[in-house]
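Chains as they are written, first to last, in this note's numbering: chain F, 1 to 134; chain Z, 1 to 134.
Treat the hints as calculated values from the structure; they're not laboratory data. Among the hints, erroneous ones may be present.
The list cannot tell twin chains apart, which means a pair is met if one copy fits it or any two copies do.
Claimed, not checked - No more than 25 Å apart at the CA atoms, straight line, and that leaves these computed lysine-lysine pairs for PhoX-like:
1) Lys-108 with Lys-43
2) Lys-43 with Lys-89
3) Lys-43 with Lys-93
4) Lys-89 with Lys-108
5) Lys-93 with Lys-108
Number of protein chains: 2
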Amino acid sequence: MSTDDSPLPNFARGTDGLLPAIAQDATNDRVLMMAWMNEEAWKETLQSGYAVYYSRSRSQLWRKGETSGHRQQIEEIRVDCDADTILLKVHQKGAACHEGFESCFFRKVNAEGTVAIADERLVDPAQVYGKKSS
Amino acid sequence: MSTDDSPLPNFARGTDGLLPAIAQDATNDRVLMMAWMNEEAWKETLQSGYAVYYSRSRSQLWRKGETSGHRQQIEEIRVDCDADTILLKVHQKGAACHEGFESCFFRKVNAEGTVAIADERLVDPAQVYGKKSS
Chain F
1 MSTDDSPLPN FARGTDGLLP AIAQDATNDR VLMMAWMNEE AWKETLQSGY AVYYSRSRSQ
61 LWRKGETSGH RQQIEEIRVD CDADTILLKV HQKGAACHEG FESCFFRKVN AEGTVAIADE
121 RLVDPAQVYG KKSS
Chain Z
1 MSTDDSPLPN FARGTDGLLP AIAQDATNDR VLMMAWMNEE AWKETLQSGY AVYYSRSRSQ
61 LWRKGETSGH RQQIEEIRVD CDADTILLKV HQKGAACHEG FESCFFRKVN AEGTVAIADE
121 RLVDPAQVYG KKSS
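Isolated chain F (complex conformation) (with noise of 0.2 Å):
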């Protein structure tokens, strides 16, 4: 392993100071989910050790799990060749999507171009978050 003085995440380079951040299962390495960051949102993963996130519909940082416990401990994090996308490998604690599967890409894209739901769903959206599910 070298050195390098390549920048760290370039904010600057996101639509609104967001970058893509990739989640991916430290375990058995399934991406788990997309979400995005901002400058704080990056640095408060990096402080606590569990993955932050901002928002976009709500308009605030997101501390994954806050609500339903399945928090993402870090293991790692990698930036990419143009320091605008993110890679966390995460501990998942429970069910990584907020609709109860392990992975937020549950669905696949078949031969014809259709979806269909290819995993089994790990809890009951409804006993993680109260009423709503979303």
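Starting from the known structure of chain F, fit chain Z onto it as the hints suggest.
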């Protein structure tokens, strides 16, 4: 596996009609890169069986590997819960990264918050792309 009437990728949700597309190696599950797709790129990906993205810097379709030969043959396509992120499982020929690494995520963030190259370079970009390495 059950059928589902959920939408295919909803390109209207993306900024400028672009959605993030994550490429993951179908063999070793490594996350290789993140790029952008518009609806045209999506359709050509489905039709051709090879990853086609949209280059924001060149404002045109980017048939991955057209110059380098480092094409990505599609093994499986998944769409996330919000239908606004695409996951491609691919058979990657050569190096996914234009800097000659297997994955664009070759930089690791250390505990101190600095960045270091954590992988070995597979190929010399000058050999693949000619004098211009980007």
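Hint check against the structure, violated hint numbers in rising order = none
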